[in-house]
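Visitor: One-letter residues, chain by chain:
2 protein chains.
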Amino acid sequence: MQAELLSVGTELLLGETLDTNAAYLAEKLSELGISVYHKTTVGDNAERLVAALRISLARADVVLATGGLGPTDDDITAAAIAQVAGVNLVEDEATAEKIRSFARQASFAHQHGSGLLDKLLKQARVPQRAEVIPNPIGTAPGFILTCDSKAVIALPGVPAEMKAMAEQTVLPYLARRAAPEGSAVIVSRVLRLAGIGESQTEAEIADLVQTQTNPTIAPLARTHEVHLRITARAADPAAAEEMIAPVEAEIRRRLGDHVYGVDGEALEAVVGRMLRQAGLTLAVAESCTGGLIGHRLTNVPGSSDYFLGSLVTYSNEAKVAVLKVPADTIQQHGAVSAETARAMAEGVREVCGADLGISVTGIAGPTGGTPTKPVGLTYVGLAGAGETAAEEHRLRGNRSMVKERAAQTALYLVYRTLRDRKPAEVAK
Amino acid sequence: MQAELLSVGTELLLGETLDTNAAYLAEKLSELGISVYHKTTVGDNAERLVAALRISLARADVVLATGGLGPTDDDITAAAIAQVAGVNLVEDEATAEKIRSFARQASFAHQHGSGLLDKLLKQARVPQRAEVIPNPIGTAPGFILTCDSKAVIALPGVPAEMKAMAEQTVLPYLARRAAPEGSAVIVSRVLRLAGIGESQTEAEIADLVQTQTNPTIAPLARTHEVHLRITARAADPAAAEEMIAPVEAEIRRRLGDHVYGVDGEALEAVVGRMLRQAGLTLAVAESCTGGLIGHRLTNVPGSSDYFLGSLVTYSNEAKVAVLKVPADTIQQHGAVSAETARAMAEGVREVCGADLGISVTGIAGPTGGTPTKPVGLTYVGLAGAGETAAEEHRLRGNRSMVKERAAQTALYLVYRTLRDRKPAEVAK
Chain A
0 MQAELLSVGT
10 ELLLGETLDT
20 NAAYLAEKLS
30 ELGISVYHKT
40 TVGDNAERLV
50 AALRISLARA
60 DVVLATGGLG
70 PTDDDITAAA
80 IAQVAGVNLV
90 EDEATAEKIR
100 SFARQASFAH
110 QHGSGLLDKL
120 LKQARVPQRA
130 EVIPNPIGTA
140 PGFILTCDSK
150 AVIALPGVPA
160 EMKAMAEQTV
170 LPYLARRAAP
180 EGSAVIVSRV
190 LRLAGIGESQ
200 TEAEIADLVQ
210 TQTNPTIAPL
220 ARTHEVHLRI
230 TARAADPAAA
240 EEMIAPVEAE
250 IRRRLGDHVY
260 GVDGEALEAV
270 VGRMLRQAGL
280 TLAVAESCTG
290 GLIGHRLTNV
300 PGSSDYFLGS
310 LVTYSNEAKV
320 AVLKVPADTI
330 QQHGAVSAET
340 ARAMAEGVRE
350 VCGADLGISV
360 TGIAGPTGGT
370 PTKPVGLTYV
380 GLAGAGETAA
390 EEHRLRGNRS
400 MVKERAAQTA
410 LYLVYRTLRD
420 RKPAEVAK
Chain B
0 MQAELLSVGT
10 ELLLGETLDT
20 NAAYLAEKLS
30 ELGISVYHKT
40 TVGDNAERLV
50 AALRISLARA
60 DVVLATGGLG
70 PTDDDITAAA
80 IAQVAGVNLV
90 EDEATAEKIR
100 SFARQASFAH
110 QHGSGLLDKL
120 LKQARVPQRA
130 EVIPNPIGTA
140 PGFILTCDSK
150 AVIALPGVPA
160 EMKAMAEQTV
170 LPYLARRAAP
180 EGSAVIVSRV
190 LRLAGIGESQ
200 TEAEIADLVQ
210 TQTNPTIAPL
220 ARTHEVHLRI
230 TARAADPAAA
240 EEMIAPVEAE
250 IRRRLGDHVY
260 GVDGEALEAV
270 VGRMLRQAGL
280 TLAVAESCTG
290 GLIGHRLTNV
300 PGSSDYFLGS
310 LVTYSNEAKV
320 AVLKVPADTI
330 QQHGAVSAET
340 ARAMAEGVRE
350 VCGADLGISV
360 TGIAGPTGGT
370 PTKPVGLTYV
380 GLAGAGETAA
390 EEHRLRGNRS
400 MVKERAAQTA
410 LYLVYRTLRD
420 RKPAEVAK
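Protein chains in written order, with numbering that gives the first Met the number 0: chain A, 0 to 427; chain B, 0 to 427.
Here chain A stands alone, though its shape is the one from the complex (with noise of 0.2 Å):
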């Protein structure tokens, strides 16, 4: 089966926005075994749009069209998706009534007054006999199309309620369309690698990469740490399985240490899940990282069973009012320092009254480096019931990058620590 991606949407021709809705459905349906040849965009212009989605729909089965269904004026999608199919906008009745059920909310009359209801239904017109996709975050719908044997598939351009539409809905129904026709199955596996770059990765199963054929294996590189994508293809889902078992094993063998988990499980999640197992409560001192390690812990789903808090303390009196890091300590050291990274770990650790405190204090850039300390030089600590840990580590990249991979250092000295030390030796 042959897919085709569209993103509609003139902001994408003028660079303004980067194109990730795009990149997300084309490494979803690489996962399902489904072909991408072509990824076209759009301006918001029907004429263009139509001629577009012609070309894409002789040559491809399924046609995947993202952006262009909001309220406005150059929303333009189901129109031409319509025009194209030779059918016409129809209201569709339960996302009207979604829509006025919303508009019902007190504060949305009061705030928004009654134009803005019609606007909000337009987006519920959607081409007769399509299937709707329903939203589970906005009000605009998605819809699916069928003309002949092909398919135009229709999501919003906002990439959290394109990815949740895709998740529950399109990409269920593309893996169905995909299995009769070729009856062999394609099965992934993601393994996350953390605390290795890429070229060591790579360096590391070389091999394995060159001569396996079936079972692939790709390395894909993350901002902050690395997947090595396993994908089978087979009569069924066991057989998949079983192809995949000896090929994780292997890698498992030469890279296990640096293995964390695998498929969607990011690091944050898997420290969360090792936490509530082992009955442990955690607090974070931040300081370059500004609060980012908070915010992925934060993004788990019931953290706040493990998760006590975070206390960014940019400031050196910051550093010492919150979480009592000696202010000899800073002047001896340093703010960006081993000691002080113990300082603050053990800080945080006692002021929040956590199992565990974790710290991280270095230099993000651009401007704030020294011949000694230089933009990237980061210490992370972790405060236990033993001895206080730090480790330091040199990490490149602009700004955001030593930010992002700075959380993810100090993540990754948590889950070693729970990976390798009994609960008992943690706690306090």
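It is possible that some hints are incorrect.
Because identical chains cannot be distinguished in the list, a pair is counted as satisfied if it fits within a single copy or across any two copies.
[As the list claims (entries may be wrong)] Only pairs whose alpha carbons sit at most 30 Å apart, straight line, appear in this in silico DSS-like list of lysine-lysine:
(1) 97 - 372
(2) 97 - 323
(3) 121 - 421
(4) 162 - 372
(5) 323 - 118
(6) 118 - 162
(7) 323 - 421
(8) 27 - 372
(9) 149 - 121
(10) 421 - 97
(11) 121 - 162
(12) 372 - 421
(13) 372 - 323
(14) 118 - 421
None of these hints come from the bench; they were simulated from the model.
We have chain A; now place chain B onto it with these hints.
Guide: Frame of chain A; chain B shown alone:
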């Protein structure tokens, strides 16, 4: 003049790599007043690349292709362009000599052996009649090939090489080519709005959007804010600015209360600039946002001048221990209440010794909501010299969106306070 962007590379169709080249070129072309109506991505497949080139050349005056100029067998862009133009590939002497001289370096032979030289020399083969674009960084040259009245431009996919060659050769060439025809430039200004949704924004200026053709007005929805892009086409930049001015003034007359900034400056940068100008410091008390406000504030280089810290108190105990929120307040009103928000803002201002303390407490979901306190209920507080403020908001979306919108709501409160009050009224 119309141009199209053609990105070549299978990795772009697998979602592993974001197409930053196309975004860069799109922005530069827009600045030159060259319209880009289509952006296409194809893989490293000769047949499909040739077909895509033909489609693009039929629509546009200039096609800019990036990628596929490397030394490996799947680098096929030069051959495909030659095929479409009906010419042969010929070796460019200067490029071949540059590659040979590069290969004569001792380290090259030592590391790569002689096989690689032949591979690299493939890069010297360009379509007959093409004008070679030197690559100041790598070995792969680009080229400009004119066919009848049209032009195909090929650049390597490595972003640093592509950018250097675009700036040195391609953009000046396109500026010359575009000038006699249109003799027009395009100038855009983006107004950034907070505290208002896309639909309401659109409703307030619907008449302008519909009647304006030059300048045009385009509303763009971001996760937590709305942008309005005003784009004018004129003979020169000054004339374009003159056309934008009255439109911007009219939008500001209607929505000025929400326009916090222009172009690339995010709310955290605007707030930072205002704090620096006023000589004020800021401390943050976060709960449901988990550190996101501190993370955003510290994404701005130099934020240590005014940002003292953010105390993320996720547990009630931490709110009491760290922020000195009276346990009674939490017990009587709940952790998510105006009273707790006020106490958090006052507490963090006191603890960090800041001029301004802001706070957020809310229910990010998916669990934790009740009929009286549903998911999305959020309070933001602001403590300064005068009375401590607290606002109630009901934010929509999933966990991650509630977090993002709560952070924006808090920063917007700081923005309004700094805008509407004199520093002396705000500071202690």
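Visitor: Hints broken by the structure, by number, lowest first?
Guide: Violated hints: 2, 3, 5, 8, 10, 12, 14; rest satisfied.
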